[in-house]
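Listed below, chain by chain, are the residues.
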Amino acid sequence: DTEVTQTPKHLVMGMTNKKSLKCEQHMGHRAMYWYKQKAKKPPELMFVYSYEKLSINESVPSRFSPECPNSSLLNLHLHALQPEDSALYLCASSLRPSFEDTQYFGPGTRLTVL
Amino acid sequence: GESVGLHLPTLSVQEGDNSIINCAYSNSASDYFIWYKQESGKGPQFIIDIRSNMDKRQGQRVTVLLNKTVKHLSLQIAATQPGDSAVYFCAENKSNDYKLSFGAGTTVTVRA
Numbered sequence: 168d169t170e171v172t173q174t175p176k177h178l179v180m181g182m183t184n185k186k187s188l189k190c191e192q193h194m195g196h197r198a199m200y201w202y203k204q205k206a207k208k209p210p211e212l213m214f215v216y217s218y219e220k221l222s223i224n225e226s227v228p229s230r231f232s233p234e235c236p237n238s239s240l241l242n243l244h245l246h247a248l249q250p251e252d253s254a255l256y257l258c259a260s261s262l263r264p265s266f267e268d269t270q271y272f273g274p275g276t277r278l279t280v281l
Numbered sequence: 060g061e062s063v064g065l066h067l068p069t070l071s072v073q074e075g076d077n078s079i080i081n082c083a084y085s086n087s088a089s090d091y092f093i094w095y096k097q098e099s100g101k102g103p104q105f106i107i108d109i110r111s112n113m114d115k116r117q118g119q120r121v122t123v124l125l126n127k128t129v130k131h132l133s134l135q136i137a138a139t140q141p142g143d144s145a146v147y148f149c150a151e152n153k154s155n156d157y158k159l160s161f162g163a164g165t166t167v168t169v170r171a
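Protein chains in written order, with our numbering: chain F, 168 to 281; chain D, 60 to 171.
Here chain D stands alone, though its shape is the one from the complex:
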C-alpha cells in the first residue's frame, strides 16, 4: 500500500504567487524523497529530491523541505508560472528498496 500521501488533491494559485504543496508520509524508515511533476499527456518529470539526512534542498525556483519529526514533506515553488500547472507527486523509498511509493498527487492550477 501507499505510505506517502498528499494533504490536498487540488491547489489553485495566482500567477506570480508562491505555491506550497504538502505531502505526509507514514514510513519513518524512508530514506529518499522525490517530487515529480506530471503535465497532461506526459510522463512524470523529476523536479527535486532530498535525502533523509537533510532538512532542506533548493533548486531553480523550487525548494523541498523535510520534517522528519512529523513525517512531512513540502515543495515550494517561487513565482508560480502558467507552465507550473500540472499534477505533483511526492514519492519515497527506503535504502534497502528501490521501489518508489507515490503519493496520491496534487493538481496545481495557475490562474492568470
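So that you can see chain F by itself, here it is in the shape it has in the complex:
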C-alpha cells in the first residue's frame, strides 16, 4: 500500500479565514513533504519534516504554518492567504529523508482563495 490521503479535496476560503489541510499516511514513512503546484507547472517544495521535525522550509511565507503531530499526520495551517496562494497543495511521504527513497504523493487539495 503506497497511499497518502489528503483532506479536503477542495477548499475555498476568504483572505481573512483560517483553515487547515490534512495529510495522512500509514506506511511507516518518517519523511513528509508539502508541495505547492500551480496550473501547468511542476510541484514546488514548501516544507520537509524528517522524523516529525521540520528540516526544510523553502522560505515559505508565515501565513503557511506546517505541523507534524505524529509520524502519520501532517497538517498545513492557513491564515490570511492571498489570491495568488490559490493552487493544488500536495503532500508526499518517503520511507526516510533520503535521496534513495521514493516520494509518494497524495491526490492534493485544490485551494481557492477569494
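Since the hints were derived computationally from the structure, they do not count as laboratory data. Fair warning: this is a prediction, and the values are worked out from it, not measured in the lab. Where hints are given, some of them may not hold.
No more than 25 Å apart at the CA atoms, straight line, and that leaves these computed lysine to aspartate or glutamate pairs for DMTMM-like [claimed, not checked]:
#, chain 1, residue 1, chain 2, residue 2
1, D, 101, F, 252
2, D, 130, F, 211
3, F, 189, D, 98
4, F, 208, D, 90
5, D, 101, F, 211
6, F, 208, D, 98
7, F, 205, D, 98
8, F, 189, F, 170
9, F, 220, D, 156
10, F, 207, D, 143
11, D, 101, F, 225
12, D, 158, F, 170
13, F, 208, D, 143
14, D, 158, F, 211
Since chain F is already given, all that's left is putting chain D on it; use the hints.
Then chain D, alone, in the frame of chain F:
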C-alpha cells in the same frame, strides 16, 4: 532553480504506438532520477526510477534510459494506451540532498 527540464511541452501519440518522453538535466552531480505521471485532478504517481550508476531500467511497459555523457533522461512507453494520457515529470536529486527537483513536464495525449 530547476536543474531538470523537458525538451517538449506536449506529445501527441497514436494509440498502440510507442512514446518517448525526453528530459535534459544540467546537474552532473545528480544521483537519482524519477519519472512521475500526473493525471488531471490527481497527484503525481511514481512510474519508475533509475540510479546514476545505471544506464537502463525496465518496468511494466516502461523503460527509462539515462545518458550521463549528455545529461539526458528518457521515458519510453510501449504500446501507448488512452490511460497513458497525462503530464509526465522527470525529477532528480543528489545523494546529499533529498529535495526533488522537477522538470517542466510533458503533456502526453493519446489519439484513438
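Taking the hints in turn, this is what the structure says about them:
A distance of roughly 19 Å separates the Cα atoms of residue 101 of chain D and residue 252 of chain F; the hinted pair therefore holds under the 25 Å criterion. Distance check on the hinted pair: residue 130 of chain D and residue 211 of chain F sit about 22 Å apart at the alpha-carbon level, within 25 Å; holds. Annotation: proposed proximity of residue 189 of chain F to residue 98 of chain D holds, straight-line Cα distance about 21 Å (limit 25 Å). Pair hint residue 208 of chain F plus residue 90 of chain D holds up; C-alpha atoms about 23 Å apart against a cutoff of 25 Å.
A C-alpha spacing of about 16 Å is found between residue 101 of chain D and residue 211 of chain F, which places the hinted pair at or below 25 Å, so the restraint holds. The straight-line distance between the Cα atoms of residue 208 of chain F and residue 98 of chain D is roughly 13 Å, inside the 25 Å bound, and the hint therefore holds. For the proposed pair residue 205 of chain F and residue 98 of chain D, the alpha carbon gap of about 15 Å is at most 25 Å, so the pair holds. In summary, the hint linking residue 189 of chain F to residue 170 of chain F is supported, as the alpha carbons are separated by about 14 Å, within the 25 Å threshold.
The hinted pair formed by residue 220 of chain F and residue 156 of chain D meets the criterion: a straight-line CA distance of about 17 Å does not exceed 25 Å. Restraint check for residue 207 of chain F and residue 143 of chain D: the C-alpha separation of about 17 Å stays at or below 25 Å, so the hint holds. Annotation: proposed proximity of residue 101 of chain D to residue 225 of chain F holds, straight-line Cα distance about 24 Å (limit 25 Å). Only pairs whose Cα atoms come within 25 Å are accepted, and residue 158 of chain D paired with residue 170 of chain F is accepted, the gap being roughly 20 Å.
Distance hint between residue 208 of chain F and residue 143 of chain D is fulfilled; the C-alpha atoms sit about 19 Å from each other, no more than 25 Å. Distance hint between residue 158 of chain D and residue 211 of chain F is fulfilled; the C-alpha atoms sit about 10 Å from each other, no more than 25 Å.
Taken one by one, the earlier hints all hold for this structure without exception.
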